[in-house]
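Visitor: What follows is each chain in one-letter form.
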Amino acid sequence: MPENLTRREFMRALGIAGAGVSLVAAGPATALAEVADGKPVETPPRFWWVREVDKPTVDVDWKVMKRFNEWESTRGSLRQYRGAELDDKMNKLQKDNLTKWEQEGKPGYTIKDMALKDAVGSGAPGFKLRGPQQVTTPKDRGVARYEGSPELNARIVTAALRHLGAAKVGFVELDEDTTMKLIYAQEPSPSKKPIVFEDVAEGADEKDRIVIPKAARWVIVFNVQMSGETLKRAPTMLGSLTTSLTYTRMWTILSQAHEFFRSLGWQSYGPTAGNGLGIYPAFAVMAGLGELSRQNRLITPEYGPMVRETIMLTDLPLAPTKPIDFGVMNFCRDCMTCATTCPSQSLSLDREPSWEVKGPWSNPGHRAYFENSVSCRNYWNECGTNCGICFANCPYAQEDQASLHTILKATASTMPVFNPIIKRASDFVYPSEADGNPIKDPEEWWYNTNLPDYGINTLQGGRKL
Amino acid sequence: MVWFILGLAAGLVLAYVIARSLSGRLTVHWYQWLLGVIAGGFVLLAVQNYLALQSELEPKLATFSLLAFGVPAVVAAALVWLIPALAGRGHKKMGEAKVRPA
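Which chain is which? The protein sequence lines are E and G, in order.
So the first sequence is numbered by our numbering: it starts at 14 and just counts up by one.
So the second sequence is numbered by our numbering: it starts at 143 and just counts up by one.
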């Protein structure tokens with residue numbers, strides 16, 4: 014020790030050393046704390062401006078809500094809603110437009126765009142109620158099935174689904190008086206099979222109905238990220254391909270998840286057709302993946318509207334995740350960007366959501382910004398794709414590398430008084446009209462070959478490698 | 143790398159100001175510290191957002207963020223010198239009034 018070391022210098026050195034030791038110890042100490050108290054901490058934790066709530070931000074009257082038939086949406090009954098003559102006319106218009114645009118080489122509809130759209134829609138496994146059912150079970154392997162607490166089970170399932178490609182995972186427990194009503198009464202066309210819950214040991218996809226055991230009352234809700242950069246080429250064929258790619262990935266994850274549960278020794282039940290089994294955005298809201306919005310679809314804190322979601326049921330007990338509030342429904346009151354940029358004016362321009370549905374394609378019982386689904390689908394025919402302009406123009410449709418996005422989202426969540434200012438700033442930077450033109454140049458997408466895999470940033474939302 | 147250089151630059155400026163003020167060759171009032179921190183914060187926000195938005199392929203928003211954060215940074219930095227300068231002129235005027243000949 015130097016002879017001329019003063020007390021001041023000694024204390025300063027102690028302080029710096031102590032601070033360094035604290036920082037180094039904080040990591041392992043935190044990890045030990047996570048294990049020691051027995052409560053698995055969600056990794057990653059949600060942003061601080063996302064609040065868990067007991068009731069979702071969309072008002073629901075469970076007494077009015079009934080189990081809906083999937084085929085009653087415009088996916089199954091469009092011809093009935095718009096009439097056979099208009100249906101034939103719009104289908105022909107779509108076919109003629111696509112042929113014409115491909116021949117002309119219209120940006121977003123060129124032969125390479127069409128080819129990639131065809132490619133991303135292929136490769137998905139078929140739909141089976143319980144999945145492929147090919148992997149071994151614990152019984153086959155001579156071991157006991159997996160057992161764990163609901164909290165630990167939720168953590169295990171989350172980790173597994175994330176590794177399979179899911180972006181966010183949540184859980185809902187079915188309740189006869191509430192969340193059970195979000196399960197479809199009948200599957201999509203053409204099967205239209207009734208979905209029934211019975212006291213049976215195992216469920217089955219029977220000839221004229223789908224039977225699910227009452228024990229399979231935990232719903233797993235997960236979403237898969239879409240490429241915002243690609244969807245900003247909506248409503249062209251190029252823009253729409255990220256939707257198709259995401260669905261292909263989602264159905265693949267679903268199929269693999271079925272096998273995961275089978276290998277664990279537990280049952281799982283999923284849709285028997287695309288968009289089947291239950292109302293995905295509704296379950297996603299109840300599970301806390303996001304909030305319902307003016308688009309009448311899900312907006313998430315991590316990815317905005319750039320997700321597609323699905324569900325499956327299991328008898329493995331899972332700790333439910335709660336709905337969240339991060340200011341979306343409030344922001345939607347002032348924003349209206351999706352509605353004002355919709356080329357077919359199908360989205361609601363009312364300031365407040367309503368209990369009144371716009372047509373039989375929507376299920377009553379919740380207060381939402383109901384849309385005119387028929388005029389929306391008419392525009393799909395006109396542009397030749399599933400459009401997506403509302404998604405592309407949403408102010409929440411941003412990545413999260415720039416701190417500006419977090420600042421704005423946190424402000425909207427905690428100080429909604431600034432929402433009109435945020436909206437005006439967004440309009441100033443991105444003035445947009447309902448002209449049906451893509452926000453970004455489709456041709457430029459092909460030459461920006463430095464996009465990440467699937468066009469998405471899998472570290473978005475606070476993920477770590 | 144950018145953040146390493148920015149951190150180095152910020153550290154050097156801070157070290158210089160602290161060393162000069164400790165040796166008595168520079169007087170830094172509390173409001174100048176505050177404005178300096180605010181200006182520094184806005185500079186960091188401007189740089190972070192500009193670079194990140196460019197990598198997000200949003201050049202328009204990148205330019206907007208440069209203005210949105212850069213202008214307050216410049217204003218805050220200017221006030222660091224402006225406030226004492228204006229205060230100094232005010233003291234001088236008061237001094238002249240005191241010695242005005244009868």
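If you're looking for bench data, these hints aren't it; they were derived computationally from the structure.
All figures in this text were calculated on a predicted structure; none of them were measured in a lab.
It is possible that some hints are incorrect.
To be verified - Label pairs and their computed distance ranges (CB to CB):
no., chain 1, residue 1, chain 2, residue 2, range
1, G, 175, E, 443, 34 to 44 Å
2, E, 475, G, 175, 29 to 39 Å
3, G, 217, E, 427, 39 to 49 Å
4, G, 183, E, 186, 40 to 50 Å
5, G, 146, E, 147, 26 to 36 Å
6, E, 428, G, 196, 45 to 55 Å
7, G, 196, E, 131, 25 to 35 Å
8, E, 20, G, 209, 46 to 56 Å
9, E, 150, G, 183, 51 to 61 Å
10, G, 169, E, 19, 25 to 35 Å
11, G, 175, E, 20, 26 to 36 Å
12, G, 166, E, 457, 50 to 60 Å
13, E, 134, G, 146, 39 to 49 Å
What the hints assert, rightly or not - Facing chain E, according to a computed beta carbon distance under 10 Å, are these residues of chain G, among others:
no., residue
14, 194
15, 210
16, 213
Glycine included, every Cβ here is placed at the ideal spot set by N, Cα and C.
Visitor: Work down the list of hints and note, for each, if the structure agrees.
Guide: Evaluated hints:
1. At roughly 38 Å, the beta carbons of residue 175(G) and residue 443(E) sit within the given window of 34 to 44 Å.
2. Separated by about 33 Å at the C-beta atoms, residue 475(E) and residue 175(G) satisfy the suggested range of 29 to 39 Å.
3. Range check, residue 217(G) to residue 427(E): Cβ separation about 26 Å, and the 39 to 49 Å hint is violated.
4. Range check, residue 183(G) to residue 186(E): about 45 Å between beta-carbon atoms, so the 40 to 50 Å window is met.
5. Between residue 146(G) and residue 147(E) the Cβ separation comes to about 52 Å, which falls outside the hinted range of 26 to 36 Å.
6. Between residue 428(E) and residue 196(G) the beta carbon distance is about 28 Å. The supplied range of 45 to 55 Å is therefore violated.
7. Distance hint check for residue 196(G) and residue 131(E): the Cβ-Cβ separation is about 33 Å, which falls inside the suggested range of 25 to 35 Å.
8. The supplied range of 46 to 56 Å is met by residue 20(E) and residue 209(G), whose beta-carbon atoms lie about 51 Å from each other.
9. In this structure, residue 150(E) and residue 183(G) meet the distance hint of 51 to 61 Å, their C-beta atoms being roughly 58 Å apart.
10. Taking 25 to 35 Å as the suggested C-beta distance range, the pair residue 169(G) and residue 19(E) conforms, at roughly 27 Å.
11. The given range of 26 to 36 Å is respected by residue 175(G) and residue 20(E), whose C-beta atoms sit roughly 28 Å from each other.
12. About 59 Å separates the C-beta atoms of residue 166(G) and residue 457(E), a value consistent with the hinted range of 50 to 60 Å.
13. At about 45 Å, the CB distance of residue 134(E) to residue 146(G) agrees with the hint of 39 to 49 Å.
14. For residue 194(G), the interface hint holds, the least distance from its beta-carbon to any beta-carbon of chain E being 4 Å, beneath 10 Å.
15. The interface hint given for residue 210(G) holds, since its Cβ lies 8 Å from the closest Cβ of chain E, which is under the 10 Å cut-off.
16. Interface restraint check for residue 213(G): the shortest CB-CB distance to chain E comes to about 14 Å, outside 10 Å, so the restraint is violated.
Of the numbered hints stated above, those contradicted by the structure are hints 3, 5, 6 and 16, listed in ascending order.
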